[in-house]
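Student: Okay, here's what each chain looks like letter by letter:
Number of protein chains: 2
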Amino acid sequence: MQDQFEPLPLIRIVLVATSHPGNIGAVARAMKNMGLHDLVLVNPNQFPSYEASARASGAADILDQARVVSTLAEALADCHQVIGASARLRKVAWPQLSSREVGEFAVRAADVGRVALVFGREDSGLTNEELDQCDKLGHIASNPTYSSLNLAAAVQVFAYECRMACGAVVPQSEGYRYQPATHADMEGFYVHLEQALLQVNYLDPNKHERFMRRMRRLFNRAQPDSKEIAILRGMLTAVIKASNPQ
Amino acid sequence: MQDQFEPLPLIRIVLVATSHPGNIGAVARAMKNMGLHDLVLVNPNQFPSYEASARASGAADILDQARVVSTLAEALADCHQVIGASARLRKVAWPQLSSREVGEFAVRAADVGRVALVFGREDSGLTNEELDQCDKLGHIASNPTYSSLNLAAAVQVFAYECRMACGAVVPQSEGYRYQPATHADMEGFYVHLEQALLQVNYLDPNKHERFMRRMRRLFNRAQPDSKEIAILRGMLTAVIKASNPQ
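The listed protein sequences correspond, in order, to chains A and B. All the letters of the first sequence, read from the start, carry residue numbers 1 to 246 under the working numbering. All the letters of the second sequence, read from the start, carry residue numbers 1001 to 1246 under the working numbering.
Isolated chain A (complex conformation) (with noise of 0.2 Å):
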């Protein structure tokens, strides 16, 4: 269905000094889930481990090629464009952009070179001298009183983000199997119908045109499809049969 899903790979996560391995699993399997593999941890507490793979389920791929690295500075070294994911809003002079402006920005940036995603540690995020390495930071739009995700869950929100703008779409479709049904299918629908509630005595011949137009109200709201009218007038045919045995 999703026959233009492209994978990500100039997009990197950046994990800095991540404490619970745990978020470290939980974190490969967003990226997996949404087509981001480049995956860099700054001193992780614990890695590799029991729980990171235990929480990866299918994304240990992800895992098994992170790399470990010792600085921030490694990790960005090949990157033209960081991010910083940032759960406060900062009154400091970063570009600061909403998670959907992150993942339009990281998605263009992408066409050119190498794009970090950086998320600090789970109790106190990034330094300052971190977000000095930064060129803009990004914000998910929270609740203010209780505003800092878990770790997995902000990096599965930025990556879903990349996702999304690279056009990722699903289907069009309310779910019918047939046509629309045309006007002219409704039309002849609706004739269908006066003519088996006249036949059975429901309808008054001098009130049935306000009651046709509620029919009409309550069918065109349900929108049927070219099979469902067919269903329907099959009834109304059953019906004018079964009232008129010849």
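In case anyone wonders, no lab produced these hints; they're calculated from the structure. We treat Cβ as the ideally placed atom computed from N, Cα and C, and that holds for glycine. Incorrect hints may appear among the rest.
Pairs of lysine-lysine residues, derived as BS3-like cross-links and limited to a Cα-Cα distance of at most 25 Å, are as follows [unchecked claim]: (1) Lys-1241(B) - Lys-136(A); (2) Lys-241(A) - Lys-227(A); (3) Lys-1241(B) - Lys-1227(B); (4) Lys-207(A) - Lys-241(A); (5) Lys-1207(B) - Lys-1241(B); (6) Lys-227(A) - Lys-1136(B).
Example chain A residues on the side facing chain B (calculated, C-beta under 10 Å, incomplete) [unchecked claim]: (7) Ala-17; (8) Ser-98; (9) Asn-143; (10) Arg-217.
Chain A residues, not near chain B, derived (Cβ > 12 Å throughout) [to be verified]: (11) Arg-121; (12) Thr-145; (13) His-192; (14) Glu-194.
Given the coordinates of chain A, work out where chain B should sit on it, guided by the hints.
Tutor: Frame of chain A, contents of chain B only:
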């Protein structure tokens, strides 16, 4: 900064037969981050639990208020719109929305009454019988070869899209604390720059036009603010003064 933050009391998260209690905690945290509070658990494997509370972090209140029921119908009884999360795009007669459309739809529908977002089992999602109780399906665009998000990650994405659909806005900011430089500021700067460069004999008076055009391209791209221009001009003043010490 987010003055317009509005909680979303009429959007309910329903988890069906969740296996891992840690996921319930992570869901609670994701919900609270995004301003959702109404959690209903249908036949959870284990609840309450230490693991759920640990993963909920500061969102214990969501778990405390969570309701446990034994049938999906009970969880949905007071809802007027029900959206089922589905990892697969289904060839069925359910209207199918992208996660982005789900956010927009749910927030609009919550103006009228209660809306439920329903999430199935970690391993197998929702059964067809459960899908029958949904009005629409919601789908997160993902890697077709690894499409199933962690439960809490999926709730995070849908809850995030509800939040974004409320018009959550990160203040447009290029990070400047000062007014952007005006055109006149910029022109004043270029005159000053040219004067300084001539003064220090850097600029060949015969070639300065072309050179200054390059300078304009450079500095215009940087979109300096008024303070930065003041600083740059201070530097130029210093240069001129230093090279012409009366």
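Student: Decide, hint by hint, whether the structure agrees.
Tutor: How the hints compare with the structure:
1. Lys-1241(B) - Lys-136(A): violated (36 Å)
2. Lys-241(A) - Lys-227(A): At roughly 21 Å apart (the allowed maximum being 25 Å), Lys-227(A) and Lys-241(A) satisfy the hint.
3. Lys-1241(B) - Lys-1227(B): Holds. Lys-1241(B) to Lys-1227(B) sits at ~21 Å (cutoff 25 Å).
4. Lys-207(A) - Lys-241(A): This hinted pair holds, its Cα atoms lying about 24 Å apart.
5. Lys-1207(B) - Lys-1241(B): With Cα atoms ~24 Å apart, Lys-1207(B) and Lys-1241(B) stay inside 25 Å; holds.
6. Lys-227(A) - Lys-1136(B): Holds, at roughly 20 Å.
7. Ala-17: Check failed: Cβ of Ala-17(A) comes no nearer than 18 Å to chain B, outside 10 Å.
8. Ser-98: Nearest chain B Cβ about 4 Å off; hint holds.
9. Asn-143: The hint holds - Asn-143(A) has a Cβ within 10 Å of chain B, the shortest such distance being about 5 Å.
10. Arg-217: violated (18 Å)
11. Arg-121: Holds, because the least Cβ-Cβ distance between Arg-121(A) and chain B comes to about 14 Å, which exceeds 12 Å.
12. Thr-145: Given a closest Cβ separation of 9 Å, the condition is violated.
13. His-192: holds (23 Å)
14. Glu-194: Fine: 27 Å to the nearest Cβ keeps Glu-194(A) off the interface.
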